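Chain A is already provided as a structure; the job is to place chain B on it using the hints.
So the protein lines, in turn, are chains A and B.
Throughout the first sequence, residue numbering follows my numbering, covering 1 to 188 in sequence.
Throughout the second sequence, residue numbering follows my numbering, covering 1 to 167 in sequence.
Incorrect hints may appear among the rest.
[To be verified] Result set (DSS-like, lysine-lysine): computed pairs, CA atoms no more than 27 angstroms apart in a straight line:
1. LYS27(B) - LYS153(A)
2. LYS185(A) - LYS156(B)
3. LYS185(A) - LYS99(B)
4. LYS185(A) - LYS170(A)
[As the list claims (entries may be wrong)] Listing some non-contacts, in silico: residues in chain A with all C-beta distances to chain B over 10 angstroms:
5. LYS24
6. GLN57
7. VAL60
8. TYR72
9. VAL113
10. ARG125
11. ILE187
The set of hints was computed from the structure by calculation and includes no laboratory data.
Computed from a predicted structure; not experimentally measured.
In this text, a Cβ means the ideal position worked out from N, Cα and C, and glycines have one as well.
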Amino acid sequence: MNKHLFMIVLFALTSLSLAATPDKIENFSLNDFNGKKVSLSDFKESKAIVLMFIATQCPVSNAYNERYVKLYADYNDKRISFVAINSNKAESVDEIKSHAVEHGFQFPILKDVDNIIADKLDAERTPEIFVINPSTMQVLYHGRIDDSPRESKITSRNLRRALDEILDGKDVSVKETKAFGCTIKRIN
Amino acid sequence: MRSYIFISLLCSTLMAQESKLSVLPIKQEQLEEIISHRNGNVLFLNVWATWCTPCVEEFPDIVKLADEYQRKNTAVEFIAVSADYPDEIDSLILPFLKKFPNISFKVFVADFNSMDEFISSIDQEWTGAVPATFLFSSEGKRTNLMIGQHSYDQFKTEIEKILHSSK
Numbered sequence: 001m002n003k004h005l006f007m008i009v010l011f012a013l014t015s016l017s018l019a020a021t022p023d024k025i026e027n028f029s030l031n032d033f034n035g036k037k038v039s040l041s042d043f044k045e046s047k048a049i050v051l052m053f054i055a056t057q058c059p060v061s062n063a064y065n066e067r068y069v070k071l072y073a074d075y076n077d078k079r080i081s082f083v084a085i086n087s088n089k090a091e092s093v094d095e096i097k098s099h100a101v102e103h104g105f106q107f108p109i110l111k112d113v114d115n116i117i118a119d120k121l122d123a124e125r126t127p128e129i130f131v132i133n134p135s136t137m138q139v140l141y142h143g144r145i146d147d148s149p150r151e152s153k154i155t156s157r158n159l160r161r162a163l164d165e166i167l168d169g170k171d172v173s174v175k176e177t178k179a180f181g182c183t184i185k186r187i188n
Numbered sequence: 001m002r003s004y005i006f007i008s009l010l011c012s013t014l015m016a017q018e019s020k021l022s023v024l025p026i027k028q029e030q031l032e033e034i035i036s037h038r039n040g041n042v043l044f045l046n047v048w049a050t051w052c053t054p055c056v057e058e059f060p061d062i063v064k065l066a067d068e069y070q071r072k073n074t075a076v077e078f079i080a081v082s083a084d085y086p087d088e089i090d091s092l093i094l095p096f097l098k099k100f101p102n103i104s105f106k107v108f109v110a111d112f113n114s115m116d117e118f119i120s121s122i123d124q125e126w127t128g129a130v131p132a133t134f135l136f137s138s139e140g141k142r143t144n145l146m147i148g149q150h151s152y153d154q155f156k157t158e159i160e161k162i163l164h165s166s167k
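So that you can see chain B by itself, here it is in the shape it has in the complex:
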């Protein structure tokens, strides 16, 4: 009887964690709204894709960082935008994200009219290479463009620089 209750609780906990995972398509105006309306928070924006090996390799560090900053209640908002297609949410994106059941930030998939629109709406200097991570100050000014795979320490160093410069 006890083991039955334990298994039931375990199953319901796992199902609850899984149900928290969601990936929403994001359009240009929605992303621009997130970037410009900072409400005093620094923005850490990671563009990734399931087909991109370095993106997949750096993702656990981003999950860890986001969790740490959330626990410290620091003014940093994390979001990730996938460059996969919106019709790949169930087949590719969610199966990957299920490795991170406690992910604490929003994950979107780009749902723009074109690649140009998506790339240019984030940063004119970005050519589209992924992974790409952008840091925006609490005023919505882009301060960092980090192309390629980066480590936990590299991300943290850049975030701390922005947080200290805004003090």
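This is chain A alone, in the form it adopts within the complex:
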């Protein structure tokens, strides 16, 4: 009986935490670090859009720099689009550009001035991932790339699993995950 009660409470709490993720997002446009306007609707032919909130100064996000590159290399040819967003108030467009060049990022990185998009999506930390269905704009997956900033300690590659399921035409089995990350530094 106690066990059943515990499971009900756990389910209720889990449901509450899931409610923070939006079911759908609206199309938006931001400029990349070259000043070019990029809209989510530009990727409507993709099978999925991977929105990645990243940073230049966050050590956790920087621990994933090589993994961002590898993910893009492994999935871009499979019509998965990658779009990074930098919402940190203290990280300038020039800094974002030099960081991208230094680490060989091939995907667009958009500057979210005044953290408007981070607020719309309730994004809290870097890195934080949203996988979007470009046709319906539904959020298919929200959370982490994997379960450890240290590659040697990874046991669950959650983002890869979600993308593989999407490519296989399946529902994403784990839609929400948590992870440590740096809080996005917002305007007051």
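Using the frame of chain A, we list chain B on its own:
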């Protein structure tokens, strides 16, 4: 001779202060025990990391607050849990804590099986962004989830609210 004695005393005092600093790995059941068994004390739980700039920036205010509440003998227990790795105690955590030789609260490092276990065992609503500060009432009920950097005044205001509500 006097200066020799003075230097010896100074060295031994500094060594004594340094030796008070310790960081212990904490497992899920130990942290849950701390949260649930309040013994009439409010709990101020700060999750931080040496790699997290806002955590490092707010830490001096937490040290100051904890010291003040301890001096007043108020029913508030402070603890800090680092999200660094247990094998980084000597290389990262202790070198940072040495800036605060008179730290009056326990500092742990999370030694959980997974990030999920750690995050969920503290609060289901927390997504893992740090710094994160949690206030638990003297009955072990979580009353505040404060994500991101906060000031001395913000922390103190929330602590006082809980203390007054429990009177």
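(message) LYS185(A) and LYS99(B) were given as a pair; does the straight-line alpha-carbon distance stay at or below 27 angstroms?
(response) holds (25 angstroms)
(request) Below or equal to 27 angstroms on CA atoms is what counts here, so check LYS185(A) against LYS170(A). (result) Since the Cα atoms of LYS185(A) and LYS170(A) sit roughly 36 angstroms apart, the hinted pair is violated (cutoff 27 angstroms).
(message) What's the verdict on LYS185(A) and LYS156(B), does the C-alpha distance respect the 27 angstroms limit or exceed it?
(response) With a Cα-Cα distance of about 22 angstroms, the restraint between LYS185(A) and LYS156(B) holds, given a limit of 27 angstroms.
(request) Just double-check VAL60(A) for me: nearest Cβ-Cβ distance to chain B has to come out over 10 angstroms. (result) violated (7 angstroms)
(request) Hey, is TYR72(A) genuinely clear of chain B, shortest beta carbon separation above 10 angstroms? (result) Nearest chain B Cβ is 24 angstroms from TYR72(A), so the label holds.
(message) Quick check for students: does the CB of ARG125(A) sit more than 10 angstroms from each CB in chain B?
(response) violated (4 angstroms)
(message) A cut-off of 10 angstroms on Cβ-Cβ distance, and VAL113(A) was said to be off the interface with chain B. Does that hold?
(response) VAL113(A) clear of chain B: closest Cβ-Cβ about 19 angstroms, beyond 10 angstroms.
(message) Need the status of pair LYS27(B), LYS153(A): alpha-carbon distance at most 27 angstroms?
(response) holds (17 angstroms)
(message) Please check whether the beta-carbon of GLN57(A) is more than 10 angstroms away from every beta-carbon in chain B.
(response) violated (7 angstroms)
(request) May I ask you to check that LYS24(A) keeps its beta-carbon over 10 angstroms from the closest beta-carbon of chain B? (result) About 19 angstroms separates LYS24(A) from the closest Cβ of chain B, which puts it past 10 angstroms; holds.
(request) Over 10 angstroms to the closest beta carbon of chain B is the bar; see if ILE187(A) clears it. (result) Correct as stated: the minimum Cβ-Cβ distance to chain B is 13 angstroms, above 10 angstroms.
Consistency note: the structure conflicts with the earlier hints numbered 4, 6, 7 and 10.
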